[in-house]
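Participant: So the protein lines, in turn, are chains A, B, C, D, E, F and G. Going by the UniProt record's numbering, the first residue of the first sequence is number 1, and it counts up by one from there. Going by the UniProt record's numbering, the first residue of the second sequence is number 1, and it counts up by one from there. Going by the UniProt record's numbering, the first residue of the third sequence is number 1, and it counts up by one from there. Going by the UniProt record's numbering, the first residue of the fourth sequence is number 1, and it counts up by one from there. Going by the UniProt record's numbering, the first residue of the fifth sequence is number 1, and it counts up by one from there. Going by the UniProt record's numbering, the first residue of the sixth sequence is number 1, and it counts up by one from there. Going by the UniProt record's numbering, the first residue of the seventh sequence is number 1, and it counts up by one from there.
In short, the hints are calculated from the structure, not lab data. Incorrect hints may appear among the rest.
[Said to hold, decoys possible] When the alpha-carbon atoms are kept at most 30 Å apart in a straight line, the in silico DSSO-like pairs for lysine-lysine are as follows:
#	chain 1	residue 1	chain 2	residue 2
1	F	Lys65	G	Lys139
2	F	Lys206	G	Lys175
3	E	Lys157	E	Lys216
4	E	Lys65	C	Lys157
5	D	Lys206	F	Lys157
6	G	Lys206	E	Lys139
7	E	Lys125	G	Lys125
8	F	Lys65	G	Lys157
9	F	Lys175	D	Lys206
10	E	Lys125	C	Lys125
[Stated by the list, open to error] Derived, one-sided and incomplete: chain C residues facing chain A with beta-carbon distance under 10 Å:
#	residue
11	His20
12	Glu23
13	Met26
14	Glu27
15	Ile77
16	Asp201
Cβ coordinates follow ideal geometry from the N, Cα and C atoms, glycine included.
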Amino acid sequence: MFRNQYDQDVTTWSPQGRMHQVEYAMEAVKQGSAAVGLKSDTHVVLATLNRASSELSSHQRKTFKVDDHLGIAMSGIISDGRSLCRYMRNECLNHRYVFEAPLPTARLVRQVADRAQVCTQRSWKRPYGVGLLVAGFDKAGGKLFYCCPSGSYYDYKAMAIGARSQAAKTYLERKFEEFASADLDTLIRHGLQALSASVTDGELTKDNVSVALVGKGTPLTLLEDADLEPHLAALADEVGGDGAGSGGAMEEGGGADGASAPPAAPDGASGAAEAAPAPEDEPPAPMET
Amino acid sequence: MFRNQYDQDVTTWSPQGRMHQVEYAMEAVKQGSAAVGLKSDTHVVLATLNRASSELSSHQRKTFKVDDHLGIAMSGIISDGRSLCRYMRNECLNHRYVFEAPLPTARLVRQVADRAQVCTQRSWKRPYGVGLLVAGFDKAGGKLFYCCPSGSYYDYKAMAIGARSQAAKTYLERKFEEFASADLDTLIRHGLQALSASVTDGELTKDNVSVALVGKGTPLTLLEDADLEPHLAALADEVGGDGAGSGGAMEEGGGADGASAPPAAPDGASGAAEAAPAPEDEPPAPMET
Amino acid sequence: MFRNQYDQDVTTWSPQGRMHQVEYAMEAVKQGSAAVGLKSDTHVVLATLNRASSELSSHQRKTFKVDDHLGIAMSGIISDGRSLCRYMRNECLNHRYVFEAPLPTARLVRQVADRAQVCTQRSWKRPYGVGLLVAGFDKAGGKLFYCCPSGSYYDYKAMAIGARSQAAKTYLERKFEEFASADLDTLIRHGLQALSASVTDGELTKDNVSVALVGKGTPLTLLEDADLEPHLAALADEVGGDGAGSGGAMEEGGGADGASAPPAAPDGASGAAEAAPAPEDEPPAPMET
Amino acid sequence: MFRNQYDQDVTTWSPQGRMHQVEYAMEAVKQGSAAVGLKSDTHVVLATLNRASSELSSHQRKTFKVDDHLGIAMSGIISDGRSLCRYMRNECLNHRYVFEAPLPTARLVRQVADRAQVCTQRSWKRPYGVGLLVAGFDKAGGKLFYCCPSGSYYDYKAMAIGARSQAAKTYLERKFEEFASADLDTLIRHGLQALSASVTDGELTKDNVSVALVGKGTPLTLLEDADLEPHLAALADEVGGDGAGSGGAMEEGGGADGASAPPAAPDGASGAAEAAPAPEDEPPAPMET
Amino acid sequence: MFRNQYDQDVTTWSPQGRMHQVEYAMEAVKQGSAAVGLKSDTHVVLATLNRASSELSSHQRKTFKVDDHLGIAMSGIISDGRSLCRYMRNECLNHRYVFEAPLPTARLVRQVADRAQVCTQRSWKRPYGVGLLVAGFDKAGGKLFYCCPSGSYYDYKAMAIGARSQAAKTYLERKFEEFASADLDTLIRHGLQALSASVTDGELTKDNVSVALVGKGTPLTLLEDADLEPHLAALADEVGGDGAGSGGAMEEGGGADGASAPPAAPDGASGAAEAAPAPEDEPPAPMET
Amino acid sequence: MFRNQYDQDVTTWSPQGRMHQVEYAMEAVKQGSAAVGLKSDTHVVLATLNRASSELSSHQRKTFKVDDHLGIAMSGIISDGRSLCRYMRNECLNHRYVFEAPLPTARLVRQVADRAQVCTQRSWKRPYGVGLLVAGFDKAGGKLFYCCPSGSYYDYKAMAIGARSQAAKTYLERKFEEFASADLDTLIRHGLQALSASVTDGELTKDNVSVALVGKGTPLTLLEDADLEPHLAALADEVGGDGAGSGGAMEEGGGADGASAPPAAPDGASGAAEAAPAPEDEPPAPMET
Amino acid sequence: MFRNQYDQDVTTWSPQGRMHQVEYAMEAVKQGSAAVGLKSDTHVVLATLNRASSELSSHQRKTFKVDDHLGIAMSGIISDGRSLCRYMRNECLNHRYVFEAPLPTARLVRQVADRAQVCTQRSWKRPYGVGLLVAGFDKAGGKLFYCCPSGSYYDYKAMAIGARSQAAKTYLERKFEEFASADLDTLIRHGLQALSASVTDGELTKDNVSVALVGKGTPLTLLEDADLEPHLAALADEVGGDGAGSGGAMEEGGGADGASAPPAAPDGASGAAEAAPAPEDEPPAPMET
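Next up, chain A with everything else stripped away, as it sits in the complex (with noise of 0.2 Å):
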């Protein structure tokens, strides 16, 4: 059997130029349980879908304020995730106390992924195995990013990651000509409904969701329990006419999660491929949510 040779160390290029192990580090991104981003002209908004180990257990918090202005949703190894936002609210504080105001959203971002590019480059860590979607509101008005191990970062109009966020994605496709006007609550209802499109067995709960908003003249608000119920009775009304479609799609992007379609196996037995259980119906990794 052939044996791809190049992809146990972080610090080691492939023969076609790829870094087998930060691609690895991408596909912790698509176990994690999913997030939904999306924003219109005023307001970003950030919802998880938040996993519990079992009824004994809280829903594993997902969603975090960075900043008044600023909030993040993640999707992976969540301690791996935690590092980086203290990093942010440290760097936040810190900006705040020099120059009196907000950390501009972009520039935070690019300041994350650059901390996370370095962790490709060096022989003894490993990359960040977790996904963040960043929404901010600054004087640059609401902005949405992406940011992901191999310490890139995108600017998104709305954007799903994490498990089955290929359902969550055709959702925003079809409908993300309407965002840029629409008011608060019909944004957090399409977020919702994104984020309900990659959820297979069970509903979208106030237990295992989070909702995160900022825009103009609203800092970063969590809503969750109680303060969800009105977005959920209200998507739930409308589910009965939409859901079909959304199922639909999901069934068309049921195979191919997250960006783009995931990296060939290395080891390449095409009959150990079809054994395995393909990666959706695995039960993900303990640590991962």
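Fit chains B, C, D, E, F and G to the given chain A structure using the hints.
Facilitator: Quick look at chains B, C, D, E, F and G alone, frame taken from chain A:
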């Protein structure tokens, strides 16, 4: 035979985006004897099953006081856990010295988890092989957290970790709705009942059990030896009726220890897997308890 | 099967005196979308094709202003390039602060190349996976350099890098004698024409193209969106007549991307090479653009 | 043949959550000659069997005084033990200097164990290959601890470690209920009796035995040579009657050295296991005693 | 197939007392285009053949001025050479600043060679992949040295390095007795003639040749472009008669590049050696010139 | 063939709890020529057999004065031993400077052994390959220690180390009861007699023997060349009668060099073991004496 | 085929207690051209055979002045030797500055040897690949030492190292009894005669020989070029009669280079050994002389 080539270095990602070394460290937690935590509206209780290597030795302590408002129970590699416990005590002392107030439970838990996360991202270290149940009572009320070797932490209403903990969790899941309003004695009895579900031979005695409790107006207290006897007696009264049920629970849950299914052995030789004793029956590695 | 044993560590020489890891990093440059640079006697122009991972995302920027007199376009791993860009900006700022004058282009290029060289001679690092086209205008006139992951740099009259850049280079080689005396608009049009030769499907639009220009009396200017429209319109007019020729050039050059033939795959299994998709057809690795 | 790939680096977890290198270091303890510790209400006694490589050499000391209130006996790699002993002496000296009081036994033991734990979590170190029996007498009374290479420590009423220590432990388990109320001479005699159970050829003499004792009002005292003679004589008187029993115990326990069953040899070739001499019969590695 | 196990780490000796990695780095020198040095009693001349990757690029410079009395020509990995050049310039500057005198050639050469030696004795570095011809004129007269990746240096009357340099050396060996008394123009012509012997296709032009000269009363001067034309014209006149001879020399020496026979390929598969193109015919690795 | 996978890194334990690299370093001691030490009540004597690589070289010294009261003899890698000797001299000097008294022998020996132990617990070092016989005379009387590469040390009445030392040890074991009361000349004669037992061809001469002695009122004295002649003459007289016996001893002990049986060759191919020359017959590695 | 697994890291012991990497480095010494040293009662003389890579290059110097009273000749990797030479010069300078006296030869030699020893005990270094003959004259008289890569040094009456040095040693062994009383010219002639025995083709000329001498009242002097002619002429006169004998000696000793037999090739394939050219016939590695 297929060899998993991604499971030997802590800084290596597998093509599926998993960190096998971290998952293996989580297996170490499942090898330790069981620890149980649960909380009511006013109190948090930890109960551990302490192993003794022979009748000559005292039972190894697995429950520790960290500060007046906070205690921990651990399962897995106790020497790793001691190292974390020392860190927690220092943090609490420093916080009291600087702020003249107890360190909030959630904040300490996050710091410990961050410390564990670092060990998953440096090539010259290894993940800690211990799971911590942290019980604290502060302004935010009673809290029960589980800190895992991956650097993740979870907020629980009730939780059991360690060997055969599935039986204990089954008990907790069946009863947890009664906990919120339970008085302290009842809460302790529930904890012991859950713990006893994880014992296959022998029974709970004042020697092999420790209980820690903390709550409104109650600083962290360790119950050992004689202090435990009334509680054990109460338990014995009840077990006549209830024990059969918990035994049944144990059988149901017998094959699936811990929070998730054990990761497939990467060496995957099915013949070997049959021949090998199931982890449940194996004697634990000498250093685990 | 013969295994190349000299291509995994950046500090290992092959018996033929080659550094395979450095060559592999140069392959990463060829995976990014195309970037083109060209100069007249008075101006230097950079043009890049920007990829967007979906219609939800903005196109990823690949053209950056470094200082008033200097800009860069990059192809390959953008997060690596950002790290070099940050370094260049700092050097320019420091030079202005100390000498109250812009840092000469050639000198900055040498410093960046030296920085890249160090990454090819330390075992714990990896070569940068990005190629930079540097356009500057200083006392020495307009300059166009290409900085490559090996730490080499080259002075060019016109150059194209990235995926399918051979077609663009063929265009440039056919036309470059006209560049010296071209006015700025013509020069930009030549750049866009070259860039369009590297596009197989779709066409250049104001969204997927960025242009940077710098010249005598013209500080570095980025043309994006609306600013590009007149130039794209002029291009469209002309393509009717000229496009067929550039298409033909593209076909000729289709098999040989970049400045030199790709290094022979060290694993050299000819059967595998046939089966594998040609690099041109493969989707780029997720982090490259 | 199946090769265990998880047992060569101290920082590598096995898929079962074990640290094989730590377990192997614990095997080194079992290769050293036996050491026995036991305590009454008023005294703690250590007794060791000292090997001499030939009649030309003195017997190698394995019992050391650390402070007036504390002594240790060791089994395994003595040079590793000496390094720990030096550390313990320094800690005791510093504590006396700062607090003008002896360092409590339990606290010193925890510090030593923490030091051993660090060696199990750094890739450039190895676990210590020595087990320590620590006997101390302080305000908390007499204490007997066993510190193991894993960084764990255990509180014992009586304990035996080293080669053929199972026979000694069997003796201790049969008799330990008599120890609490025993006077010092009886306690020493019990210790020697246990030790003699681990001797297969030859017998205890004033040359190959050391005894250390500490207790209420008795600073740590080493009994060697002539001081031992009365105790050995008393032992000889008794052995006539009791020896047969202890010999039987030895046979029962002969196959299972130390506190737990030896970890299965990871190479697991059963044929090889038969051919190989049992560890009991093998000459010890030259540096162990 | 036999695998050479001693040729991958720079700090590993082969059983024959060779350092293969250093020898491989010396192969890199042979891949660069040719460089020639020669001296008369009054002058030292360097001539290099500069490659251009396409007609769009300028030819890459391989001749550098270090100080008024000293210049270098290089062959191999130019980015490595630039790093050494920068070091040499600093040393010369410092020496002038401290001693108000030029740094003697031999001393600078020894320092550079010592720097290269260090790279052959540290496991985290690699030997430089560049050969330097150093021409200097100081109180000791004109000097021509060759610094090699191994950290050795040699004093030469005339020398050629790089691809097909054997033909150039053959020319130099045939003529060198005429050099001592030659005037500068003749010396340059001899250098160009030698250089032309290493060219198989095309010819020397003012674009692909650089000449550096230094001598009594002549500070180091670079001849490029127009400055070279008279010398190239003189060469052209002569080649009619002499070229055939040098062509013959080239054929004789065609199989043995550089100063010594190439080390036997450590993989030693004779069949593979036949199939593989001869190093002469292979395109050079992209980063070498 | 089975490959021992635990014997290449000094920080790796074997499953049997052995450190093979340390044992291999102890083999180096057995390859050096013999060294003998013995003591009476008043004196300690060291005698070494010095090898000369040819008649052109002087014999390599293996006996060194450390201080007035202390000397050493070594066997194995002499350059390693020199490094330890330098350390010992420094320690003695510092002690004399600070305390105005000689450093007690036992304390110095422990320090040297601790230094050796560190080399067995760091992955970037290797154990010393030298054994030291340390002879000292201080307030505690005459002392003879053996320091071994494992970091262990032993107190001896008499000891021989190095190649064929078993024969010398056999002699010492037969005679050592006479040593205590022997006068100095007799003690030296016993030392030489023991040493001569380890010589298979040739005999002891004033050139190939060094003797060091220290004792009550006698500072450390080296006997070489002429000083040795009376002692060698006395030896010659006696050998007529006694030599046969020692020869016989040599034959008995011929197969088992050094203090313990050689560790089983980890490659364990019995056929290879037969074919391989016995260590006794092999020429020593060039650097050992 | 059996692979030696102990000969790749300098810090790995073989099961036989050998350090193969150190022995391989000693092979490098044997690859360099010969160097000879010898001494009379009043003088010490070094003579080296200098190789030139072609007639264009000067012969590489292998004899160096370190201080007025001390010089060295080297064989092996000259760039390693230069690094040691620089160290020796610094030590001599510092000693003269501090003590206003020359550094004693034996002391300097020990320091150099200690420096070489360190390189055999650190995993990130490699042993030096050079042998040094050190000639000094100080208060202790004339001294000739050989410093070897292992960190050992030896005191010699006369010695030859490098390729075919066995023939030279044979000459020295036959004649050395005449050296003590020889006058300087005779001593030099003996040195040259020994050196000529190591030459198989060609002969000694003023170009390929260097001689260094130091003695009572004679500071270290290098004889080169013209200074050598009378000595070479004297040699030529004598060779007519004596040459045959030295030729015979050369044949006897032809198979055994250097001070000891070459270590058995660890790969030990006897067939390969036959096929491989004898080390004598192989061209030396490019960097050795």
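Participant: Decide, hint by hint, whether the structure agrees.
Facilitator: Verification of the supplied hints:
Note on Lys65 of chain F and Lys139 of chain G: the hinted pairing holds, with a Cα-Cα distance of about 21 Å set against a maximum of 30 Å. Straight-line distance between C-alpha atoms of Lys206 of chain F and Lys175 of chain G comes to about 23 Å, which keeps the hinted pair within the 30 Å bound. Simply put, Lys157 of chain E and Lys216 of chain E have alpha-carbon atoms about 17 Å apart, close enough for the 30 Å limit, and the pair holds. Taking the CA atoms of Lys65 of chain E and Lys157 of chain C, the gap is near 24 Å; set against the 30 Å cutoff, the hint holds.
For the given pair, Lys206 of chain D sits about 18 Å from Lys157 of chain F by alpha-carbon distance, which is consistent with the 30 Å threshold. Only pairs whose Cα atoms come within 30 Å are accepted, and Lys206 of chain G paired with Lys139 of chain E is accepted, the gap being roughly 25 Å. For the proposed pair Lys125 of chain E and Lys125 of chain G, the alpha carbon gap of about 11 Å is at most 30 Å, so the pair holds. Between the alpha carbons of Lys65 of chain F and Lys157 of chain G the distance comes to roughly 24 Å, so the proposed pair stays at or under 30 Å and holds.
Taking the CA atoms of Lys175 of chain F and Lys206 of chain D, the gap is about 23 Å. The hint holds against a cut of 30 Å. A distance of roughly 11 Å separates the Cα atoms of Lys125 of chain E and Lys125 of chain C; the hinted pair therefore holds under the 30 Å criterion. The restraint placing His20 of chain C at the interface with chain A holds, with a minimum CB-CB distance near 8 Å, inside the 10 Å limit. Look at Glu23 of chain C: its Cβ gets to within about 8 Å of chain A, closer than 10 Å, so that hint holds up.
Interface restraint check for Met26 of chain C: the shortest CB-CB distance to chain A comes to about 7 Å, inside 10 Å, so the restraint holds. Contact between Glu27 of chain C and chain A, as hinted, is supported at the beta carbon level, the nearest pair being about 3 Å apart and thus within 10 Å. Because the closest C-beta pair between Ile77 of chain C and chain A is about 7 Å apart, less than 10 Å, the hint holds. For Asp201 of chain C, the shortest C-beta to C-beta distance to chain A is roughly 17 Å, which exceeds 10 Å, and the interface hint is violated.
When each numbered hint is compared with the structure, a violation occurs for hint 16 only.
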